[in-house]
Amino acid sequence: MATDSDQLSALVKQKYRHGFVTDIEQDTVPPGLSEDVIRFISAKKGEPEFLTEWRLKAYRHWLTMHEPTWAHVRYEPIDYQSISYYSAPKSKDDAPKSLDEVDPKLLETYDKLGIPLHERARLAGVAVDAVFDSVSVATTFKAKLAEAGVIFCSFSEAVRNHPELVEKYLGTVVPTRDNFFAALNSAVFTDGSFVYIPKGVRCPMELSTYFRINAANTGQFERTLIVADEGSHVSYLEGCTAPMRDENQLHAAVVELVALDNAQIKYSTVQNWYPGDENGVGGIYNFVTKRGDCRGVNSKISWTQVETGSAITWKYPSCILRGDNSVGEFYSVAVTNNYQQADTGTKMIHIGQNTRSTIISKGISAGHGQNAYRGLVRILPTAKGARNYTQCDSLLLGDQCGAHTFPYIESRERSANVEHEATTSKISEDQLFYCRQRGLSEEDAVNMIVNGFCREVFKELPMEFAVEAQNLLNVSLEGAVG
Amino acid sequence: MLKVENLHVSVKGTPILKGLSLSVGAGEIHAIMGPNGSGKSTLASVLAGKDGYEVTSGSVQYRGQDLLEMLPEERARAGVFLAFQYPIEIPGVNNAYLLKAGLNAQRAANGQPQVDAFEFMRLIKSKMELMQISKEFLNRSVNEGFSGGEKKRNEILQMLMLEPALAVLDETDSGLDVDALKIVAAGVNSLRSPERSMVLVTHYERLLELIVPDRVHVLADGRIVKSGDRTLARELDERGYDWIQAEVASA
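Protein chains in written order, with this note's numbering: chain F, 1 to 482; chain E, 1001 to 1251.
Since the hints were made in silico from the structure, they are not lab data. Treat the hints with care, as some may be off.
For lysine-lysine, the following DSBU-like pairs were computed, each having C-alpha atoms within a straight-line distance of at most 35 Å [to be verified]:
1. F:Lys-426 with E:Lys-1018
2. E:Lys-1182 with E:Lys-1003
3. E:Lys-1226 with F:Lys-426
4. E:Lys-1135 with E:Lys-1182
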């Protein structure tokens, strides 16, 4: 039997091989990864030579690497040869023609999240006027940004129009060899966002992937690069409030941030990829590398994330505090319900003098969810007067879930000051009863208590995002109690 | 208003209330006194619908409804309020936010319009003055870092806002100094009306000097063993509970 199935799978693979055509005109490639596929992607996107070579170098190194196994998550092995690494943005012809054609369950969720009608259509990928509404909105914003000298475009556009900036900064924060998933991303990334804020410019608005029309179709391997030049400020929102209806699918994104002297970057994420159903079937594997480099003096990078989606989350938005007096912040809410698993946290690498970092992590576990905080605070001997404060709280709903904390502290400088606080608590029956005695339903009481638990993180989010995050949390925890 | 008949309640299999009967008419204030462990707080918890109390027999009628059939939040929305002996802390949850949510849940259940933040502030202003609570108090987390006296005043503030038909005050006087006790009593007395009934669970008579009850009941070993007017409370204060227990034992 074993031989039979071996033969069968060989046959299947063979078929794929035969089906493989490096036709530049076609929109997808058959599953599988090879140098040919990478060359195809690069050619398809009309990339300059340096980038093709960069991808190939990443790929060759990736072949020598092993998938990390240290995270507190479990999943079936991923067959990297069964993934299709390039597909052009979906044609508008395949998209639903109106909201009537969209899954009603999806619409119900939008309703609960309070997403405006025209937004709903766009999120669901409806190819009608509603979409064009946001196109015109986006165009207006683009004009305003251009006036300020801000470059905000898709990664592909940046490669075409600003290759010198891309070449200068790409891979300088997350090198191609950084880790297994980052190497894979470097080899095959298809698109993403690019931001450049010129010297002394305070970006006139919050930049959001909402405004980017192609954001919905950027695919599994996104690449984002944000460069804040000297004395500039930018706040970037990465929102995926639409649950994506997908089978187990790998998302291996890379985000690189560079802050030069006196620059500030605030990066906020609300992640709600499809988490799988209540039995743990399906859902996204969200294996993301996010890192910011405080390259200049007095620079600041602040990460805020609300992670409610994905079947598995593996992500550690980090800060390299290279410049003297630079500041790194990490504020996180991670929710795991049903069979979701999260292993998330941050790394704060203190290199410069008087560098400061703050870590506030709130993990919420419900159902059979497993939630791990993993954080590294490393103080190098050069980081005189460095300071870190870490607070790591876990909240458990029910008795089938788990919360785990893995803090690593490595201080090699005597004058450094590192503080770590951690708590684990359950929503008590007494708290629930108290709220219910005041007239709240059990579900509302849970939501209120959980939102209270997350308040320190939510207050770091831009206003409109904070409301959305709160609603999202409520939806994510639906049915977690009672 | 409230009619408790032959109520038997067990906690984890241990009988606590053993045939308690109590009838409270509209507009009346009844005090339940008794030694520690007699079942006073159990009665308060059962009336509010707390989990973990098993009613083995008997009945509780509230305005003609079977109270025991209702969920805790349904009782609250129908006008049953419990002032907790130990108000619980809820970190991160804004004090005003919880109260406004409770008020609006009650109003929704009664077909009344919702109050917005401005209306809420208008309603609560004079009540906060009465309870001598400052404005910043509203923006703190529910009971977090409150002193014992602040927690109890907050309970009464909530009661003033929710305007219950039946208020059960569980040892609201415990841990209060004389000044705080006066503030709490003033709050409670301001709510006295012919439509509103109250059950004061207390260990000490001093509260009853300030909130004068219509009836006083002595609870011992899960039953009401003696009832009288306010003079009974004074007698208990002077003579303690032993004589009653002796009286019951010899009866």
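Right, here's what the structure says about each hint:
{"no.": "1", "hint": "F:Lys-426 with E:Lys-1018", "result": "holds (34 Å)"}
{"no.": "2", "hint": "E:Lys-1182 with E:Lys-1003", "result": "holds (30 Å)"}
{"no.": "3", "hint": "E:Lys-1226 with F:Lys-426", "result": "violated (42 Å)"}
{"no.": "4", "hint": "E:Lys-1135 with E:Lys-1182", "result": "holds (20 Å)"}
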